[in-house]
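Whole structure, please, built from the sequences with the hints as guidance.
In order, the protein sequence lines correspond to chains Y and H. If you count by this note's numbering, then the first sequence holds residues 55 to 168, one letter each, in order. If you count by this note's numbering, then the second sequence holds residues 1122 to 1238, one letter each, in order.
If you are wondering where the hints come from, they were derived from the structure by calculation, not from laboratory data. Be aware that one or more of the hints could be misleading.
Said to hold, decoys possible - From the structure, some residues in chain H lie toward chain Y, with a derived Cβ separation under 8 Å:
| hint | residue |
| --- | --- |
| 1 | V1140 |
| 2 | Q1165 |
| 3 | M1166 |
| 4 | K1194 |
| 5 | F1226 |
| 6 | F1228 |
| 7 | G1229 |
| 8 | P1230 |
| 9 | G1231 |
Said to hold, decoys possible - Stretches of chain Y that chain H covers, calculated by requiring three or more beta carbons in the stretch to come under 8 Å of a beta carbon on chain H:
| hint | segment |
| --- | --- |
| 10 | 115–124 |
| 11 | 158–167 |
What the hints assert, rightly or not - Each computed DSBU-like pair below joins lysine-lysine, with the alpha-carbon atoms no more than 30 Å apart:
| hint | chain 1 | residue 1 | chain 2 | residue 2 |
| --- | --- | --- | --- | --- |
| 12 | Y | K111 | H | K1199 |
| 13 | Y | K65 | H | K1191 |
| 14 | H | K1199 | H | K1176 |
Yeah, the Cβ is synthetic: ideal placement off N, Cα and C, and Gly gets one too.
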Amino acid sequence: DAGITQSPRYKITETGRQVTLMCHQTWSHSYMFWYRQDLGHGLRLIYYSAAADITDKGEVPDGYVVSRSKTENFPLTLESATRSQTSVYFCASRRSLAGADTQYFGPGTRLTVL
Amino acid sequence: AQTVTQSQPEMSVQEAETVTLSCTYDTSESNYYLFWYKQPPSRQMILVIRQEAYKQQNATENRFSVNFQKAAKSFSLKISDSQLGDTAMYFCAFFGPRDNYGQNFVFGPGTRLSVLP
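Shown next, in the form of structure tokens:
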């Protein structure tokens, strides 16, 4: 089915481990985004990508790495996970940055860092 | 930098009644977009309504409408004839230029709405 998917949906890891969260969209949208959602903060933008091989920092990029070798995939890597990175992570995509375009969100990944 | 504030962490309303959720934002830009998203317990983010800043007319989508006051930087959401399925977290969001560099998508902290039977 067409849409935007995230995997895994739930992940528990330990401090210092590397973790990669996957995001895949089937619409060939140019823009993709990673957000984290924490109580009291709403969603905060970590990184976004305008196209394959083009990425840019958002509001809270420290401790995260992204890549986009293919238009449909936008993985988010925590190179050395910390407890402060325990959060729910949302991937999103949109066709363009025109405000009228809809931003589609994935179902989210709940990450716990012990 | 833009900010979005939602001053009501939690609200409740009786089924079939009307409720208004508040949102204020801060930006020096004149062209931008505002959104309300709904997040039910399933955690999916669902677009409820959008408003273009250059339009004076308030957006409406069925039972959902907004009161957009550009000068006051206020963007409230009114839900009429509330239904049990409206129970969710509601996020106000801003989308627009980011300090002369790229675009920015900023979310408020959310308002948890409970519709009571």
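Status of each hint after checking the structure:
The beta carbon of V1140 of chain H is not positioned within 8 Å of any beta carbon in chain Y (closest approach about 19 Å), and the interface hint is therefore violated. The beta carbon of Q1165 of chain H is positioned within 8 Å of a beta carbon in chain Y (closest approach about 6 Å), and the interface hint is therefore held. Because the closest C-beta pair between M1166 of chain H and chain Y is about 4 Å apart, less than 8 Å, the hint holds. Interface restraint check for K1194 of chain H: the shortest CB-CB distance to chain Y comes to about 17 Å, outside 8 Å, so the restraint is violated.
Using the Cβ-Cβ criterion of 8 Å, the hint placing F1226 of chain H at the interface with chain Y is satisfied: the shortest such distance is roughly 6 Å. Look at F1228 of chain H: its Cβ gets to within about 4 Å of chain Y, closer than 8 Å, so that hint holds up. A distance limit of 8 Å between C-beta atoms decides the matter here; for G1229 of chain H the minimum to chain Y is near 5 Å, and the interface restraint holds. The beta carbon of P1230 of chain H comes within 5 Å of a beta carbon in chain Y, closer than 8 Å, and the hint placing it at the interface holds.
Interface restraint check: G1231 of chain H against chain Y, minimum CB-CB distance 5 Å, threshold 8 Å, status holds. Evaluation of the coverage hint for the segment 115–124 of chain Y: breached, as 0 residues show C-beta separations to chain H shorter than 8 Å, against a requirement of three. As drawn, the segment 158–167 of chain Y meets chain H at 3 residues by the rule of a beta-carbon pair under 8 Å; at three or more, the given contact holds. Among the hinted pairs, K111 of chain Y with K1199 of chain H is inconsistent with the structure: their alpha-carbon atoms are about 34 Å apart, more than 30 Å.
At roughly 42 Å between alpha-carbon atoms, K65 of chain Y and K1191 of chain H are farther apart than 30 Å, so this suggested pair is violated. Pair hint K1199 of chain H plus K1176 of chain H holds up; C-alpha atoms about 18 Å apart against a cutoff of 30 Å.
Comparing the model with each numbered hint stated earlier shows that hints 1, 4, 10, 12, 13 do not hold.
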